[in-house]
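Student: Those protein sequences? They're chains A and B, same order as listed.
With this note's numbering, letter number 197 in the first sequence gets 197, and the count goes up by one each step, no holes.
Remember, this note's numbering sits 529 above the position in the second sequence when you count from 1.
Simulated from the structure, these hints should not be mistaken for laboratory data.
In this text the structure is predicted, and so the values were computed from the model without any measurement.
Please note: incorrect hints may appear among the correct ones.
Claimed, not checked - As a list, the in silico EDC-like pairs of lysine to aspartate or glutamate whose alpha-carbon atoms are at most 16 Å apart: (1) A:288 - A:249; (2) A:463 - A:403; (3) A:222 - A:403; (4) A:438 - A:281; (5) A:42 - A:281; (6) B:719 - A:139; (7) B:719 - A:158; (8) B:734 - A:109; (9) B:738 - A:95; (10) B:851 - A:289; (11) B:738 - A:97; (12) B:738 - A:109.
Unchecked claim - Quick partial rundown of chain A residues pointing at chain B, CB under 8 Å, derived from the structure: (13) 96; (14) 111; (15) 112; (16) 113; (17) 114; (18) 125; (19) 129; (20) 133; (21) 135; (22) 242; (23) 244.
Claimed, not checked - Pair by pair, the computed Cβ-Cβ distance ranges are: (24) A:108 - B:846: 42 to 48 Å; (25) A:240 - B:846: 32 to 38 Å; (26) A:344 - B:846: 20 to 26 Å.
The beta carbon of each residue, even a glycine, is placed where N, CA and C say it ideally should be.
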Amino acid sequence: MVKPNIIVLISYYKMIKGANVDEPLLSLKNVNKNYGGVIALKDVDFEIMHGEIHGLVGENGSGKSTLIKIISGVVQPNPGSTIEINGLPFTSHKEIEAIDKGVMVIYQDLSLFPNLTVAENIALEQIISDHKKIISASELNQISKQAMEQININLPLDDLVNHLSVADQQLVAICRALTRNVKLIIMDEPTASLTSREVDSLFSLITDMKNKGITTLFVSHKLNEVFTIADRITVLRDGGVVGVYETTDVNEEEITMLMTGKKISYEKFIYPPATSQPILDCKNLSRKDQFDSISFQLFPGEILGITGLLGSGRTELALTLFGINQPTSGEIIFDGIPMEKMSIQKAMHKGIGYVPEDRLRQGLVIDHSFENNLIITTMEKLVNNLSFLDRGKIFKMVKYWAEGLSIKAPGGDSPVRTLSGGNQQKVVLAKWLAIRPKVLILDGPTIGIDVAAKQSIHETIKKLARDGIAIILISDEIPEVFSTCNRILVMHKGKIVREFYTEQIDQEEIRRFVYESNNNKEMIHEKDS
Amino acid sequence: MKRILDRHEIYVLIAIIVFSSLFSIINPRFLSLENFFDLLKGYSLMGIFTLGMLIVIVSGGIDLSFTAIATICGYVNALLLISYGEELNLFIIFLIAAGIGAALGMVNAVIIHKFDIAPIISTIATSNIFFGLLMFISGGKWLQGFPLWFEDFAKIKMQTLYSPEGTPYGLSIVSVIFLMLLVITALILKYTTLGRSIYAMGGDKISAKRAGINVFGIHVFVYSFMGLVAGIGGVVQLLLVNASAPNSLVGKELDVIAAVVIGGANLAGGVGTILGTLLGVILIAIMGNGLTLMRVPSIYINIIIGFLILISIGASTYRRKKTKRQRIITENN
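Using the sequences and the hints, build the whole thing.
Tutor: Okay, structure coming up:
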């Protein structure tokens, strides 16, 4: 597999751009969609050319997912909308016709069967659509091998898919699409759970497919990635197309402005040192197979970024600081006092809060109300004299945090499932802020959240730091740690390999450093095979 | 080698070998061919039910109404045998039983799919309805006095051998019915698109829909198949006891589910094999039989089977956790 390099990739795209793009592969004219009284899409005209890599961006609620669903036949547009695929009208608006015409979606959840083998996952769909009744292992293997050969990969055919890494699972999903004679692959947030190294190899794969004539619609929140991979970018806002731009003609800031309709500027976080007494002091902290000799100090009012690959030990470190796991050796000193035997209860009692990576599963009870999620950390303080929960106190608290963090929810009793990603994350934040923490650990706080909501969360984080809370921000998005933190630790293979002060350097320097340390690493599926 | 040790079946097999050796040391009669055929006959009915249950569990569902379906099919055929016994033959009897069973199973499928009610709830409800109606109509009466040809059929053995004491024994026709159904079920699961689609749906229903699998069709097949084998089981029950007793099966659902689970099927769906299920039935059978031969009271047998289920599920969960942990470690390096 090609060892990709961002700079080389960009020039490569620019070189081949313009070839064979005079004929639209997909064309939408006057597409409208209402859900009851809610307008999801209005008068959308949208074109994808043969062989291009097209980026689709927009905030949550801008109509991106509705658009994908209409193209792939999951949702029917209003009458009067016309869609043509490869010059032919897409009339039935059913999934099966879209697939027959060569349109495949790779959903964020990949839609694989975790309990089946690689070969079964790749070939089953093909076999079903051929109306074959009998399956033989050799046929499964043959279909899968053919698909894998097309993109020069080699995954173990008999392995169960849930034993593969997310990146390899994604390759399985792509191979499955290739078995269906695909012309347009729609990738919905394909990089959400990939490490930056894996993103690189995905990008070289997309380019590779482009050379074979397969067009990609790349839908993502991560603008820097859209800029790296896409030839053209379509921006959606409030259900309408704002415009279509050649990637070379615009920059991230302009696209952000087009998406949100307002100017968002990134300011560095300035940390005025307030005290020389660290609130948290880790000395040679190690945990077997996870991280090794971690030493750092954290001061009140500081935002400390920790970045590194998935599996670099950053999340594992956070789990240990919060008392979920025990360190095998080393010392955690909190506010001058060495902490013997950590536990979650102790961490919370001391004032350490932890916002987990996967907010939907670990941070929230998704079907419960905003209110119930919010009070869960502080319930014992919200009771009346009889030890019953006090409605008045709860109401006051919900109001306080909803206003303080500007959480937009229809009411305290609406399930958090119905809130947007950004507001959900604010509920998790509020829940931990309610314990009045001295240290707040945020693990990937803006994963899957759109630009404007992200900005608002970053502002909240900075405000908290100015109020004196010490914050650890774990993220693999370098722009995020760069613009939010005053100090950044880079972790690699369980060790801190570098410390940066954001005042002294620019973003490119960090990015280069992280990429270089990544490039020394073998690619995961190369190692497996 | 590592791949073999990854499989649940191997551990059930080891347990079977260990316990069989233990029982045959204590009581040499245990390992005789005669005891083996007796055991096989005694557990064929349970085995038949586990085949349907396996498919239902693999699809991500569960069916608690199959004993009621089996009882209805048995009762209807008992009535027919008593009234029109001489004009009927076995083929028709099985056809009627399979037909009624499949139709009742389809009722389950429609309720589960169209109304999107959890299978456990739907089938508890239909079980009560089916069984309640039967008790209302039959008044709970036993039916006896089947035609001679029917009774004779039940006694057919594939070959007749004689024990040292001179009692005849052999592979019973009932066991043959079970083994035939076993082969058919195995073929469906392993070599047909339908079979893989059942696994796929059990693994992820939404993905299955997106892959173009007819989810309603799979529901109909799975529950109808369960009903069909339950119907055949109902007739087998008539063959075994030569009578129809409306209350003899209902309440035994959990034993069947236990056998399937011990065999490695995951109640969350998507995982389970015919081999494992067969081994699960064998393990339960030899535990019951071996302990009985050792004169252990039946109450203790229940307790031991309870522990078997716990160990079985615990072991597979533990192994899953271990592979997951290993993956995190490899990604670290």
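Student: Taking the hints in turn, state whether each one holds.
Tutor: Results for each hint:
1. A:288 - A:249: Between residue 288 of chain A and residue 249 of chain A the Cα gap is close to 50 Å, so the pair fails against 16 Å, i.e. violated.
2. A:463 - A:403: holds (14 Å)
3. A:222 - A:403: violated (29 Å)
4. A:438 - A:281: OK: residue 438 of chain A and residue 281 of chain A at ~13 Å, within 16 Å.
5. A:42 - A:281: violated (55 Å)
6. B:719 - A:139: Cα-Cα ~13 Å, so holds.
7. B:719 - A:158: holds (14 Å)
8. B:734 - A:109: holds (13 Å)
9. B:738 - A:95: It holds: about 10 Å lies between the C-alpha atoms, which stays within 16 Å.
10. B:851 - A:289: holds (14 Å)
11. B:738 - A:97: With a Cα-Cα distance of about 15 Å, the restraint between residue 738 of chain B and residue 97 of chain A holds, given a limit of 16 Å.
12. B:738 - A:109: OK: residue 738 of chain B and residue 109 of chain A at ~14 Å, within 16 Å.
13. 96: This hint holds: residue 96 of chain A lies near chain B, its Cβ roughly 6 Å from the closest one there, short of 8 Å.
14. 111: At about 4 Å, which falls below the 8 Å cut-off, the nearest Cβ of chain B leaves the hint on residue 111 of chain A intact, so it holds.
15. 112: With a minimum Cβ separation of about 6 Å from chain B (threshold 8 Å), the hint on residue 112 of chain A holds.
16. 113: holds (4 Å)
17. 114: Holds, because the Cβ-Cβ distance from residue 114 of chain A to chain B comes to roughly 6 Å (cut-off 8 Å).
18. 125: At about 5 Å, which falls below the 8 Å cut-off, the nearest Cβ of chain B leaves the hint on residue 125 of chain A intact, so it holds.
19. 129: holds (6 Å)
20. 133: Nearest chain B Cβ about 6 Å off; hint holds.
21. 135: holds (6 Å)
22. 242: Violated - the Cβ of residue 242 of chain A stays beyond 8 Å from chain B, reaching only about 30 Å at its closest.
23. 244: violated (29 Å)
24. A:108 - B:846: 42 to 48 Å: Violated - the Cβ-Cβ distance for residue 108 of chain A and residue 846 of chain B, about 28 Å, lies outside 42 to 48 Å.
25. A:240 - B:846: 32 to 38 Å: Hint violated: Cβ distance 50 Å, outside 32 to 38 Å.
26. A:344 - B:846: 20 to 26 Å: holds (23 Å)
Hints 1, 3, 5, 22, 23, 24 and 25 from the earlier list are contradicted by this structure; the remaining hints agree with it.
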